[in-house]
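Colleague: Okay, here's what each chain looks like letter by letter:
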Amino acid sequence: MSALLEVRGLCVAYGKVEAVHQAALRVEEGRIVTVIGPNGAGKTTLLAALMGMLPARGSIGYAGEDITRVEAEQRVSRGLCLVPERRELFAAMTVEDNLVLGAFHRYRKRDKTIAADFAQVYQLFPRLKERRRQLAGTLSGGERQMLALARALMSRPRLLMLDEPSLGLAPLIVRDIFRVIAGLRDTGVSILLVEQNARAALQVADYGYVLETGEIVLEGPSGDLASDARVIESYLGLVSGNPD
Amino acid sequence: MNAEIALFLIQDGFTNGAIYALLALALVLVFAVTRVIFIPQGEFVAYGALTLASLQLGKLPGTAWLLLGVGLAVAALELTQALRLGAAQRIPAIIFNYIVLPAALLGLAWWAAPQKPALTLQILLALFLVVPLGPMVYRLAYQPLASASVLVLLIISVAVHFAMTGLGLVFFGAEGSRTPPFSDAQWKLGVLTVSGQSLWVMGASLALIVALLLFFEHTIYGKALRATAINRVGARLVGVSPAMAGKLSFTLAALIGALSGVLIAPITTIYYDSGFLVGLKGFVGAIMGGLVSYPLAAAGALLVGILEAYASFWASAYKEVIVFTLIIPVLLWRSLTTHHIEEDEE
Ligand SMILES: Nc1ncnc2c1ncn2[C@@H]1O[C@H](COP(=O)(O)OP(=O)(O)OP(=O)(O)O)[C@@H](O)[C@H]1O
Ligand SMILES: [Mg+2]
Numbered sequence: 001m002s003a004l005l006e007v008r009g010l011c012v013a014y015g016k017v018e019a020v021h022q023a024a025l026r027v028e029e030g031r032i033v034t035v036i037g038p039n040g041a042g043k044t045t046l047l048a049a050l051m052g053m054l055p056a057r058g059s060i061g062y063a064g065e066d067i068t069r070v071e072a073e074q075r076v077s078r079g080l081c082l083v084p085e086r087r088e089l090f091a092a093m094t095v096e097d098n099l100v101l102g103a104f105h106r107y108r109k110r111d112k113t114i115a116a117d118f119a120q121v122y123q124l125f126p127r128l129k130e131r132r133r134q135l136a137g138t139l140s141g142g143e144r145q146m147l148a149l150a151r152a153l154m155s156r157p158r159l160l161m162l163d164e165p166s167l168g169l170a171p172l173i174v175r176d177i178f179r180v181i182a183g184l185r186d187t188g189v190s191i192l193l194v195e196q197n198a199r200a201a202l203q204v205a206d207y208g209y210v211l212e213t214g215e216i217v218l219e220g221p222s223g224d225l226a227s228d229a230r231v232i233e234s235y236l237g238l239v240s241g242n243p244d
Numbered sequence: 001m002n003a004e005i006a007l008f009l010i011q012d013g014f015t016n017g018a019i020y021a022l023l024a025l026a027l028v029l030v031f032a033v034t035r036v037i038f039i040p041q042g043e044f045v046a047y048g049a050l051t052l053a054s055l056q057l058g059k060l061p062g063t064a065w066l067l068l069g070v071g072l073a074v075a076a077l078e079l080t081q082a083l084r085l086g087a088a089q090r091i092p093a094i095i096f097n098y099i100v101l102p103a104a105l106l107g108l109a110w111w112a113a114p115q116k117p118a119l120t121l122q123i124l125l126a127l128f129l130v131v132p133l134g135p136m137v138y139r140l141a142y143q144p145l146a147s148a149s150v151l152v153l154l155i156i157s158v159a160v161h162f163a164m165t166g167l168g169l170v171f172f173g174a175e176g177s178r179t180p181p182f183s184d185a186q187w188k189l190g191v192l193t194v195s196g197q198s199l200w201v202m203g204a205s206l207a208l209i210v211a212l213l214l215f216f217e218h219t220i221y222g223k224a225l226r227a228t229a230i231n232r233v234g235a236r237l238v239g240v241s242p243a244m245a246g247k248l249s250f251t252l253a254a255l256i257g258a259l260s261g262v263l264i265a266p267i268t269t270i271y272y273d274s275g276f277l278v279g280l281k282g283f284v285g286a287i288m289g290g291l292v293s294y295p296l297a298a299a300g301a302l303l304v305g306i307l308e309a310y311a312s313f314w315a316s317a318y319k320e321v322i323v324f325t326l327i328i329p330v331l332l333w334r335s336l337t338t339h340h341i342e343e344d345e346e
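Heads up: the sequence lines are chains A and B, in that order. Numbering-wise, this note's numbering puts 101 at position 101 of the first sequence, and it's gapless, one number per residue. Numbering-wise, this note's numbering puts 22 at position 22 of the second sequence, and it's gapless, one number per residue.
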């Protein structure tokens, strides 16, 4: 079976400094794949390049086509979607307008099913429904992350890329968010998940990659990674020594 | 000065101020979406007025040829880019939008101009000839450097302004034009005589402002423009391309400019280079809103209009000096009351 996303020899540089070097990875349709790694490893850079927000060398295959030179906006309309580390919400607009804009490319195509997706997203995040007339800039950190995720879902992604969805959130909300992520897979969305929280990421993912200083140093089914001595030492820490 | 004159000056000030307010709104819009300080805004005013004037004389307006010329330049640019990216499927749309459509408009103007159609049709035709220049100018001059600093974009604006003024001289000649008023009606309101034309100007400006408000609040493209102004990266991530937002905001600015030109053409004589001063007065208004606030920009522009009316009564030789001196206390007040924001900060 050919993969939904097939990346080969991807190099991304800021000026002369290379932040991602010869990365190769695959995401099969309907799977959750995670990329873990320390701060500054190049995870955010990798996702930005896959989204077309940074120029990159190498090849990015998506749904059987080479999209390496396709612009970011075109990638969105083909079903790629990134929830960035900094969320990038429209602070001075209402929650509802943020969601409307999430579906921008579908409005352009005169998609008739957008209203149904609003209902679904509000059902998934009742908090957003309560606050739909509120400005996005006045939301709490957790609500912002929900809005970022909800806005992404409004674009009906085929491949959803999440950059540290648990960043700065209380454990209870992290659990909610991961529950939503696991639920998305069941609706057929493929997910590429970047996380600091390696334990939670490996639990929810099917397959994982370890990125260190711009290079993929390890990969495997997430169960295997979670029991790998190097991963336990560097990313799962002492806590993993305790049998759950 | 008696009450009659004071009232007359206020009417005069509001009429001009309404135009300046429209231009100020366009300047704020273009700056918010693209960070371009749109100095050539005034050229669209002059082009709109002079195109309508040509049509009223039954002559083919020079803008029709200009549109085709600029269209060909854009087509050449777009075609080379499409070929380089291997995007051959874009070619038919490029040829249609930038060659076939301008040629069709030229043909239409050629056929329609000598027949002197009704005023509304002339205005419509004038807008169709001038407004497409907006997005084309964006494509040619700004889009290749869209992520440059505000200063570089400003320098481009100065260049575009001079180019458009020069082309205005080539295509319209050095003579000024004044069109007959839309309506000769006059009403007596107590001591004040209200002219039909100033009601037209104020009414049309108000209608356009309301239409813009509805556009920004209730349409997906209006929301996309606001989103781009608020967060460029976020906008790209939902599929709003900066190029599309730029072209759309330039289209609106060109529409506002050309319509302003059509509205003031019966009030003042417009020359190929008259647009600059008109645009600059809208700019003074926009500066009062810090180039970010729409209501403050509109209010500031109205103030400019009224100040100008009184200045031309008391010291007509110093009219422009008085109006532009206003910008000094305004800048002083703004720099004391607002925090400086670093340009790179996103
Ligand atoms: N805009 C930039 N200009 C120059 N260098 C950058 C830029 N952004 C990131 N870098 C560098 O690229 C490298 C990778 O950064 P990146 O943000 O991709 O890491 P990350 O894995 O996402 O880290 P974190 O876990 O802290 O989010 C770092 O060394 C960083 O300093
Ligand atoms: Mg990161």
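Don't take every hint at face value.
What the hints assert, rightly or not - Using 35 angstroms as the maximum straight-line C-alpha spacing, the simulated DSBU-like pairs for lysine-lysine come out as follows: (1) A:K16 with B:K247; (2) B:K247 with A:K129; (3) B:K247 with B:K59; (4) B:K247 with A:K112; (5) B:K116 with B:K59; (6) A:K109 with B:K247; (7) A:K129 with A:K112.
Claimed, not checked - Computed far set for chain A versus chain B, every beta-carbon distance over 10 angstroms: (8) A24; (9) E88; (10) H105; (11) G223.
No lab work stands behind these hints: they were computed from the structure. All values derive from a computational prediction rather than experimental measurement. Backbone N, C-alpha and C fix where the C-beta goes; we use that ideal spot for every residue, glycine too.
Colleague: Look at each hint and say if it fits the structure.
Modeller: Hint check results:
A distance of roughly 33 angstroms separates the Cα atoms of A:K16 and B:K247; the hinted pair therefore holds under the 35 angstroms criterion. At roughly 34 angstroms between alpha-carbon atoms, B:K247 and A:K129 fall within 35 angstroms of each other, so this suggested pair holds. Restraint check for B:K247 and B:K59: satisfied, since their Cα atoms lie roughly 30 angstroms apart, inside the 35 angstroms limit. Restraint check for B:K247 and A:K112: satisfied, since their Cα atoms lie roughly 27 angstroms apart, inside the 35 angstroms limit.
Proposed proximity of B:K116 and B:K59 is supported: the alpha carbons are some 9 angstroms apart, at most 35 angstroms. Pair hint A:K109 plus B:K247 holds up; C-alpha atoms about 19 angstroms apart against a cutoff of 35 angstroms. Of the pairs offered as hints, the one joining A:K129 and A:K112 holds, with about 21 angstroms between alpha carbons and a cut-off of 35 angstroms not exceeded. A cut-off of 10 angstroms between C-beta atoms confirms that A:A24 is not in contact with chain B; the least separation is 24 angstroms.
Listed as a non-interface residue, A:E88 fails to keep its Cβ farther than 10 angstroms from every Cβ of chain B; the least gap is roughly 4 angstroms. Not every Cβ of chain B is farther than 10 angstroms from the Cβ of A:H105; the closest lies at roughly 4 angstroms, contradicting the non-interface assignment. Residue placement check: A:G223 keeps its beta carbon more than 10 angstroms from all beta carbons of chain B (closest about 32 angstroms).
In this structure, the earlier hints numbered 9, 10 are contradicted, and the remaining ones agree with it.
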